[in-house]
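Peer 1: Letter by letter, the chains look like this.
2 protein chains.
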Amino acid sequence: MAVATQSLEELCINSIRFLAIDAVEKAKSGHPGLPMGAAPMAFVLWDRFMRFNPKNPKWFNRDRFVLSAGHGCMLQYALLYLTGFDSVSLDDIKQFRQWGSMTPGHPENFETPGVEVTTGPLGQGIANAVGLAMAEAHLAARFNKPDCTLVDHYTYVILGDGCNMEGVSGEACSLAGHLGLGKLIALYDDNHISIDGSTDIAFTEDVSKRFEAYGWHVLHVEDGNTDLDSIEKAIEAAKQVTDKPSMIKVTTTIGYGSPNKANTAGVHGAALGTDEVSATRENLGWDNEPFDLPQDVLSHFRKAVDRGAQVEQEWNQLLETYRSSYAEDAAEFERMLSGQLPEGWDRDLPSYTPEDKGMATRKHSQTCLNAIAPNLPELIGGSADLTHSNLTELKCSGNFQKGQYENRNLRFGVREHGMGAICNGIALHSSGLIPYCATFLVFADYMRAAIRLSALSEAGVVYVMTHDSIALGEDGPTHQPVETLASLRAIPNLVVIRPADGNETSGAYQVAVANRKRPTLIALTRQGLPNLAGATAEQVAKGAYILSDCDGTPELILIGTGSEVQLCVAAAEKLTAEGRKVRVVSMPTCELFEEQDEAYRESVLPKAVTKRLVVEAAARFGWERYMGADGDMVSVDRFGASAPGGIIMEKFGYTVDNVLAKAKAVLG
Amino acid sequence: MAVATQSLEELCINSIRFLAIDAVEKAKSGHPGLPMGAAPMAFVLWDRFMRFNPKNPKWFNRDRFVLSAGHGCMLQYALLYLTGFDSVSLDDIKQFRQWGSMTPGHPENFETPGVEVTTGPLGQGIANAVGLAMAEAHLAARFNKPDCTLVDHYTYVILGDGCNMEGVSGEACSLAGHLGLGKLIALYDDNHISIDGSTDIAFTEDVSKRFEAYGWHVLHVEDGNTDLDSIEKAIEAAKQVTDKPSMIKVTTTIGYGSPNKANTAGVHGAALGTDEVSATRENLGWDNEPFDLPQDVLSHFRKAVDRGAQVEQEWNQLLETYRSSYAEDAAEFERMLSGQLPEGWDRDLPSYTPEDKGMATRKHSQTCLNAIAPNLPELIGGSADLTHSNLTELKCSGNFQKGQYENRNLRFGVREHGMGAICNGIALHSSGLIPYCATFLVFADYMRAAIRLSALSEAGVVYVMTHDSIALGEDGPTHQPVETLASLRAIPNLVVIRPADGNETSGAYQVAVANRKRPTLIALTRQGLPNLAGATAEQVAKGAYILSDCDGTPELILIGTGSEVQLCVAAAEKLTAEGRKVRVVSMPTCELFEEQDEAYRESVLPKAVTKRLVVEAAARFGWERYMGADGDMVSVDRFGASAPGGIIMEKFGYTVDNVLAKAKAVLG
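Top to bottom, those sequences are chains A and W.
According to my numbering, the first sequence holds residues 1 to 668 in order.
According to my numbering, the second sequence holds residues 1 to 668 in order.
Note that these hints are calculated values from the structure, not bench results.
Please read all numbers here as calculations on a predicted model, not as lab measurements.
One or more hints might be untrue.
Computed Cβ-Cβ distance ranges for the label pairs, DEER-style [what the hints assert, rightly or not]:
no. : chain 1 : residue 1 : chain 2 : residue 2 : range
1   : A       : Glu598    : W       : Glu578    : 30 to 40 Å
2   : A       : Gly646    : W       : Lys58     : 31 to 41 Å
3   : A       : Thr149    : W       : Gly403    : 50 to 60 Å
4   : A       : Asp630    : W       : Glu578    : 31 to 41 Å
5   : W       : Arg638    : A       : Lys209    : 41 to 51 Å
Below are the DSBU-like pairs computed for lysine-lysine, each with C-alpha atoms no more than 30 Å apart in a straight line [unchecked claim]:
no. : chain 1 : residue 1 : chain 2 : residue 2
6   : A       : Lys651    : W       : Lys664
7   : W       : Lys28     : A       : Lys363
8   : A       : Lys607    : W       : Lys611
9   : A       : Lys611    : W       : Lys664
10  : W       : Lys357    : W       : Lys542
11  : A       : Lys611    : W       : Lys517
12  : A       : Lys239    : W       : Lys209
13  : A       : Lys94     : W       : Lys651
14  : A       : Lys651    : A       : Lys662
15  : W       : Lys542    : W       : Lys662
16  : A       : Lys357    : W       : Lys581
17  : W       : Lys209    : A       : Lys209
18  : A       : Lys145    : A       : Lys58
19  : A       : Lys233    : W       : Lys303
20  : A       : Lys611    : W       : Lys607
21  : W       : Lys395    : A       : Lys28
22  : W       : Lys357    : A       : Lys26
23  : A       : Lys651    : A       : Lys363
24  : W       : Lys28     : A       : Lys357
25  : W       : Lys28     : A       : Lys611
26  : A       : Lys58     : A       : Lys239
27  : A       : Lys664    : W       : Lys611
28  : W       : Lys542    : W       : Lys517
29  : W       : Lys651    : A       : Lys517
30  : W       : Lys581    : A       : Lys607
31  : A       : Lys402    : W       : Lys209
32  : A       : Lys651    : W       : Lys26
33  : W       : Lys651    : W       : Lys664
34  : A       : Lys28     : W       : Lys357
35  : W       : Lys28     : A       : Lys395
36  : W       : Lys517    : A       : Lys651
37  : W       : Lys607    : A       : Lys607
38  : A       : Lys574    : A       : Lys662
39  : W       : Lys233    : W       : Lys94
40  : A       : Lys611    : A       : Lys542
Glycine is no exception: its CB is placed at the ideal position from the N, C-alpha and C atoms.
Please take these sequences and the hints and turn them into a complete structure.
Peer 2: Structure follows, in structure tokens:
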């Protein structure tokens, strides 16, 4: 078959296929199968539907595209290159999966403009897409006017069998159905093959029926390999249904065109190999050399550049109209897009004196959220069905529900993992929205894969995690974090803050809201705590600071976090009364302390003072860094127990007497 | 209404309710709502169906009961007490949620005989139940004979809305449907209320339809509050369908009987309060004092004791018959139940010399699995769709599939979280089965909640985690563990082993298989490694050991794990050649090293030698413990990158030259 006999569309689709085939071949690493099979649907979507501007990947009103099956990233790189994004050149494609390239092994939003979210870990992308669609629905409800539809884009996803097997996708899609997110359109690459072979060995459920059960509008394209019109009609039909998200099952052949490897797991995650590449060229009538594309193809795809400029220009005109008719809203909208926080957003954050009534830091958190929410309209979030335990409801708003998307209280249900991934999507909608989400600290484990992706993909999600130690009491060890703080502090680019009282909680929110390029996790108590003399909001940003001190060089430094700082203070008072020289350091966040300069760190924790006692109701793991050569820790190095919180704290040694005894042992 | 007017069954059900109400009231903590609403289905199930022996909770052929909605644990404690288990007395119920009691805040298998698995974190129980049913199916396929059905029990679950919202339950239930586990029967307490209120705010999907999509047999009891016969008929019908798991949606009222709190979130997770308890007593016609039950009720429930003795005796007779007809199988069956490993199970584990060809430790792991599998028939497991990357297939067996349950290769699909929870169920079937499961190390994050429960609930699962560092290369930062090892080492009661070569991999399996009361996680390389002089299988059990040494006291100790030990060896050789006194310590597992006596630990890492360099391609977090006051580490303290593995290792400083330079810097 000669190239000339192929239609332009076939050539376009084969161009996608061979860019993927040849890039993977050159890298000797990657996943050619998905791009080969999904090229037709991707072509139809990007060529006939998607509104975007290749020369301004951040144009606000673009349709969002998420490749949830992120291993097939060559599909996305091919599309970015072909449609004229500056971020991916042909040279970049030749550098697929190489050090420093724009074309890493999975799509990374922080590397490659045009990539919306970071995918690869399966199921995350579709859940991110639910977040993107929620962000769009919210902004549309908030800013659109009867005569001016300023916010109006679709969120398209391509996901595979793997995504559909992952629980996180089920959680997010169930919620998407509940919320009736009509502008979310998912194309399910139904190719029947996963890494282990046919889906017959592990995945024989009726996916369409499941999505119907979630409340989605479900369609099926039986021949996703060649029937472009049916793909087009399905997407068109999906767009017509505005009160439900749509799932289009597109049945395809993985590795389409490879005579010996199509429809096998062999084409999923490895280069085809020289012989099979040749055979595939032959089979698909592709005479071009690697990375050489027909000029017609490039010309056709590159029409996206003019088209994109045009749609953006039209939208800019719309924005002009909006500005003149709705000046205040426009200013607010543009402020949000710029990423600038509103003047005085934190002006109502409370401050406290030691005389003020002590409260649980989760209650302080509630006060903070409700103090900033009226001044920070981009704040949007909620809890995984623990609203009245996490205390995360915004009193100034209602529930974000189908048809009430203007509201800011998100109701995630008992879906922690989906919640985290959805918040990543909201943050990476890059429209200024600041998502927060909440559960018990121990259930960070359920959503850890999403938290890691917040950190990796620079999504400024605020994680509000209450019930932060064994002191939560009766719920027992399944609910009591012990190792959780350590496990979170180990994640790069995540700021973990455990405030000690009301002032530090206010400081935690100042840090968290300001952190727009990294996530912040705030660990909060269930139990009441006193407000501490010397604790301030400002110093939280320094990570650790001297809460109380002695004259001259201390003999001993007591380092506490959160609910245990009060024990350090009380023990220090007794030691001081006994004539010992003791410093108390409150250390709400290790990460920020490490970012301070050497002089500041030395001023708080002088190297010469090696007698230190750390007091935190959590595992010792990781605290050796600050413990000093002669130090110790009052730590929890086993699972917790079920009993009233006060009794547990006593049994585990979190009493002034025990801290005092341990301190004396360190002093020697 | 007077008590006398109630039927005995109503009295039995109200006894469950009031044990829950009064225990929660006394503790001023707990969840009365579920027990009050689910008491009828639980009564019917335990009274009319469940086969168990209260006086021998470990009787092998008992029906398994899992309360997946673990917060409703008073339901289970009430049933255990009422049916005559010795583990839960009336005094124990009065001690609900108190320090040291048998009745902790959520059901814990390691505390309370009669509790099969530890639940509370939602969705885990139903997934554990899938594992229990898989264990039953496997043993039945393996041991039953046409004339002797030795293994024959059901697995019953009560789960709630929360469980059904969690992704882990979807993963496990999809697989259960695929596998056609006919003896798994789940009762879904459809009470329309979760902590945040009506499920209308977040959970409006059609759960029954979803389960049908999974391939389950689905039934509905419309009045689960009073219609005991319909509950009975539904369970009967569920038992009749032997080729599909059954889900019975039982529509109930949470907090049934409470005049002011029933059908509200208020009754979910807090004591009713004195007034409402009185009103509920009045409403349900319950005149008894707290914890005082009608004698008829106790007599009726306690028939379970005789019934249980009888069913166990009948089964013991069956076992006798089996012994005489199938002596060899019987011996094997009983050996497994006893928990004793077969003689010489590890005799074929390979050992290596430095001359043997180096391989990736994942390949050594493959060799080990296949060396022990023929000698260790209780080994059963598989991968979450990465079989040929994790290299976990047992060549001596086929795929565990519907109708082929005798096989030992489990195909989990891309369902890491479900996989972990299923393996917990298999381990806690307590029939001697040793489950293993596999994925990439970084995806431990997806299943962390299950891994934590392995550790907490003493489930001896073997986690086989490959691609254990940035050296995996091109897949990039989404797939490269950095903080993952630290996050896992922080979990109490989990043994994390990172073997350095073939011998240490054999040692890792010796430890993992022997660890029947705690999980073991083995971290394995993608890339090839040399076999090291001095590395032995035996010393893995010590956690860390001297791999190579100098004469006299070392100036410097190089501590390595896994793939980085070779760098330590090479750097030590160069330093030695330069006249420095250097020790190399291989530290495959910190946890086991900490369990050695002080003398051994001092012999390996003498306190006086404070110049130490740790080399591990992972985060520094947690390594300060071993680094020494003057030590350092070659660590990865950012996310990885996409490039060929060798280049990444070089760029991140994992070269002999860089280790040497760092070592010299430490030496000063």
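Peer 1: Hints the structure violates: just list their numbers, smallest first.
Peer 2: 6, 11, 16, 19, 25, 39
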